[in-house]
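Asks: Which chain is which? The protein sequence lines are Y and F, in order. The first sequence begins at 1 in the numbering used here and counts up one residue at a time. The second sequence begins at 1 in the numbering used here and counts up one residue at a time.
These are calculated hints, taken from the structure and not from any lab test. All figures in this text were calculated on a predicted structure; none of them were measured in a lab. Using N, Cα and C, we set each Cβ at its ideal position, and we do this for glycine too. One or more hints might be untrue.
To be verified - If you want the footprint, here are the derived chain F segments under chain Y, 3+ residues with CB under 8 Å:
id, region
1, 124 to 131
2, 135 to 144
3, 226 to 234
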Amino acid sequence: ISAVTSTDKMSASEGTKNTNTEPWGGFDDNIIIQGSGSAVIDMENMDDTSGSSFEDMGEMHQRMKEEEEVAEEDGGEEEDGGEDGEFLGMKGLKGQLGRQVADEVWQAGKRQASKAFNLYANIDILRPYFDVEPVQVRNRLIESMVPLRMINFPQKIAGELYGPMMLVFTLVAILLHGMKTSGTVIREGTLMGTAIGTCFGYWLGTSSFIYFLAYLCSAQITMLQMLSLLGYGLFGHCVVLFVTYNVHFHSLFYILWLVIGGLSTLRMVAVLISRTVGQTPRLLLCGTLAALHMLFLLYLHFAYHRIVEGILDTLEGANVPPIQRVARDLPNVASAVMNATVKSVAVLVHSQ
Amino acid sequence: METDAIPNDHTRPLWTSLLFMLQCLSDVSIAEDIPVEGDITVPLSSHGVDDEVSTLDEPVKDTILRDLRAVGQKFVHVMYPKESSALLRDWDLWGPLLLCVSLALMLQGSAADNQNDSGPQFAEVFVIIWFGSIIITLNSKLLGGTISFFQSLCVLGYCILPLTVAMLVCRLVLLGSAGSVSFIIRLVVVTASFCWSTFASTAFLADSQPPNRKALVVYPVFLFYFVIGWMILTFSPSH
Numbered sequence: 001i002s003a004v005t006s007t008d009k010m011s012a013s014e015g016t017k018n019t020n021t022e023p024w025g026g027f028d029d030n031i032i033i034q035g036s037g038s039a040v041i042d043m044e045n046m047d048d049t050s051g052s053s054f055e056d057m058g059e060m061h062q063r064m065k066e067e068e069e070v071a072e073e074d075g076g077e078e079e080d081g082g083e084d085g086e087f088l089g090m091k092g093l094k095g096q097l098g099r100q101v102a103d104e105v106w107q108a109g110k111r112q113a114s115k116a117f118n119l120y121a122n123i124d125i126l127r128p129y130f131d132v133e134p135v136q137v138r139n140r141l142i143e144s145m146v147p148l149r150m151i152n153f154p155q156k157i158a159g160e161l162y163g164p165m166m167l168v169f170t171l172v173a174i175l176l177h178g179m180k181t182s183g184t185v186i187r188e189g190t191l192m193g194t195a196i197g198t199c200f201g202y203w204l205g206t207s208s209f210i211y212f213l214a215y216l217c218s219a220q221i222t223m224l225q226m227l228s229l230l231g232y233g234l235f236g237h238c239v240v241l242f243v244t245y246n247v248h249f250h251s252l253f254y255i256l257w258l259v260i261g262g263l264s265t266l267r268m269v270a271v272l273i274s275r276t277v278g279q280t281p282r283l284l285l286c287g288t289l290a291a292l293h294m295l296f297l298l299y300l301h302f303a304y305h306r307i308v309e310g311i312l313d314t315l316e317g318a319n320v321p322p323i324q325r326v327a328r329d330l331p332n333v334a335s336a337v338m339n340a341t342v343k344s345v346a347v348l349v350h351s352q
Numbered sequence: 001m002e003t004d005a006i007p008n009d010h011t012r013p014l015w016t017s018l019l020f021m022l023q024c025l026s027d028v029s030i031a032e033d034i035p036v037e038g039d040i041t042v043p044l045s046s047h048g049v050d051d052e053v054s055t056l057d058e059p060v061k062d063t064i065l066r067d068l069r070a071v072g073q074k075f076v077h078v079m080y081p082k083e084s085s086a087l088l089r090d091w092d093l094w095g096p097l098l099l100c101v102s103l104a105l106m107l108q109g110s111a112a113d114n115q116n117d118s119g120p121q122f123a124e125v126f127v128i129i130w131f132g133s134i135i136i137t138l139n140s141k142l143l144g145g146t147i148s149f150f151q152s153l154c155v156l157g158y159c160i161l162p163l164t165v166a167m168l169v170c171r172l173v174l175l176g177s178a179g180s181v182s183f184i185i186r187l188v189v190v191t192a193s194f195c196w197s198t199f200a201s202t203a204f205l206a207d208s209q210p211p212n213r214k215a216l217v218v219y220p221v222f223l224f225y226f227v228i229g230w231m232i233l234t235f236s237p238s239h
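Chain F extracted, bound-state conformation (with noise of 0.2 Å):
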């Protein structure tokens, strides 16, 4: 009995372990015993995902309706400064770009430009906004904020759009007379809509701020849009 025993415990290990390895490999190479974890993707069907992104074959019509269209939504979010992530979450600066031209073209051709070239003119319009966000931009980046820059160029072009809108009923109430009723009427319009571009800018930017420093960013911002107003306010077409 113990001669047989000893050599029965010494070969019994090296055969259960042989049977073991074999039942390893026989579990690697088949895997429906055991369910791989994590998202393992062949790329096999790739024929779906270049369904939805290719736009080479779409109508030039569709592509800029469909960034008009995401231009138009964002204009809605500034109108209503609800939804913080939707500027910052994908940027772009056509809605600046258009904003500002407009702004831009419309304070053009003041009282004074027919003797000089005085007033606001295009280019003054044009490198106050740029230059002014870009300076906001790189002060909230000096004071810690996390916001990129692009995002936050273009959450303050988008939110212009009050103050343009005030540029409009500013003019169409300046056809109408040029009395003291009409400029209470701007004052109170452009004091709306300089307010409603401060409140709805810190809206989308005071969350990417350090909490004790939102007053230092916002000061900037309320000189910036300030200065805009004014200008909107202070306007006199040319007879």
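One chain only, chain Y, in its complex shape (with noise of 0.2 Å):
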């Protein structure tokens, strides 16, 4: 709370430093930006039990700079705007702020395209995110499975993105074996972009709505640890889907997912618990990411493990065309499932 309160005061002593040297009005603009930034600042803050303070450091720096950025030109703007404003009264300082918000979107605009540009600038930016030794990722492949049972403390969750790639890009690779030994056929697209898709989309799609949640809830946890937190996460299914692919037998994956699948999840469950205040928020927090991981890994053995079967089973006969996966009439289910519920409803009722 203390720090949050020392990055409130020191936003506020910049607003009011930069309201002095601008003599001719934007008072509440400015004040406005700075408040939205040390809100920034504050959320990115609030861990301070994080792995390494590194890359905390290195945002701050960043973001304060381009709010520095953002406040020069902001200031350059309306040294030359605001005595229009005077004389204009009304309809000047409305043309004033139009064209104030214009700028700053445009100016948004550049410093995005030009940073997408520059793909050295990029990598420097990343840099402090990969920078792991080997035995630091192998430890932490190794903690991923071990769920500790500490709930008072905030546990660490180390802010690094090499091992979450790598194990997303090991579970593309292991996907494009599964659906291919599977003989999936994918219509309008290609393999290489559906496990990719949805690999990427799982790593991502479930940590920003986790982050989402756990914001709600106000649980400490930043975007970067929980991409971390979830793509270590990532290890057992991994695991599981290399062993299940090769090796066809149910009850295996059943123990292998309950076994192993668990293990990674009721760590990631840990770890958010410790993070957490209340009952309630981590009964959500934790049975959402709970389900979700473990219907994924579910969803990723079954989608493309029974085509196998079917397979086996109907190539007995001779030169049987490979099942193709075809979208299933969803709708046509749903709604004979609502009509036979609304008849006997009704029949019920009517008997009544």
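Two independent chains are provided; combine them into the complex using the hints.
Replies: Okay, structure coming up:
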């Protein structure tokens, strides 16, 4: 809490300093900008217990530099726009505001474009997240399967992206293998694209969703930590899928699903519990994460595995074309079920 | 004596210093006495340099043959990965393109092709190779490697050569028979070429990496060649 208040004070003092240097209005805009900036910094600053404070410092530095740029641009903009406003009154003020917003948007767009264009600058920004040793990666892989029963004190999460990225690519390769051996045919798309889309979609989508939930439940976690946590959680998936795509036993899969998938899920749940306060938020957050994580493994296994058995069953005939993955008629099924229930309810009502 | 000596004392230094300045001037103007150090080239004899650089008036055949010879030399370097600087010093992307296209063409036309567009298609192989090498390169840059972007692309592309050779062998084996014997032969060939590719690319790339992080750089390379090798192994031509 003390850190938050100190940053608030700092930003407030910055705000007043800025408005002092610009005597021609635009106070409100400045305060809003500074306020939003400080809110973002607070969110970033929240985790005092993160693995290494190095990347957080880097982020803060980057953000503050950007804010300074914005403030400077605003200052430059307002100095020439402010005098017009005084002379032209309300209309001039409106025009000034519009111009300022447009200019801000333009500047933001330009900054984004130049950032995307400058590959090496991007690499330098990302470099702290890839600052690991092989031993660290190995330890984190092992740790991802070891749930700790430590709830009272927030557990450490290393904000690192090398391990998660490599695990996701490994999962892509394993999934590709599973698709190939199961003879999956995907219309209007390639196996590669589907595998990459599934893995990256799950990783990014679920982490942002859980991050959103964590924000609602006021859990102490940043997006980077969430990405790292979920990414290392995929290690269990990789192991299970690699084994079960090659050894086709249902019982083996269920055992591995419960043991290995369960362990990696438990580890993430334990970390999240230690960083959340209150029963309901904990239940909501961890229930969602555990359900998503376990069901994803189930999906990945059965989506590309049942077909193998179907082919093995049907291949006793001569040249049976492989079963194709076509979108099932879910709406029809749903409507049929609906019809049946409505009819039964109607019959019940009628009989009463 | 004393009255003579005083003006002499005043005038003599002046005179000697004048003489010294004149000597200096003469030294500057006449440069034969002191040899000038360093290389000062005068742009008069530029016609000799021009003759070496200009390829405008040579036949097109010579140009293409020279480039092909350079590509061939790099192939040899990949097959004997001892000289680690040759591939890095003057990189080109012609060899990788050649290898990538030939591998994709050979992987084209697998068994499932006639039913539906499954199997490794040309575009898929192409995308895997290029995006895979780009991702590996970015990864090595992020881990603090000192190699340039295109150098790494060049090395990774050239090191597909053993796998392309394995693909050729596989197709030849598959022409003969498609039993378990041929599968074992293909397995051995593909495994050997996969190891060869990984070993060669690490031999070229390892020098540019920080020594304690080699394992982290090698892992994506391993994965990349593993996926390609696996695609080659599971390939079965259409009947």
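Asks: Taking a Cβ-Cβ distance under 8 Å as contact, does the region 135 to 144 of chain F have three or more residues in contact with chain Y?
Replies: Check passed, 7 qualifying residues.
Asks: Has the region 226 to 234 of chain F got at least three residues whose CB is nearer than 8 Å to a CB belonging to chain Y?
Replies: With 4 residues closer than 8 Å to chain Y, the region 226 to 234 of chain F meets the three-residue bar; holds.
Asks: The region 124 to 131 of chain F covered by chain Y? Criterion: 3 or more residues, Cβ-Cβ distance below 8 Å.
Replies: Per the Cβ count (3), the hint holds.
Checked against the numbered hints above, the structure violates none of them.
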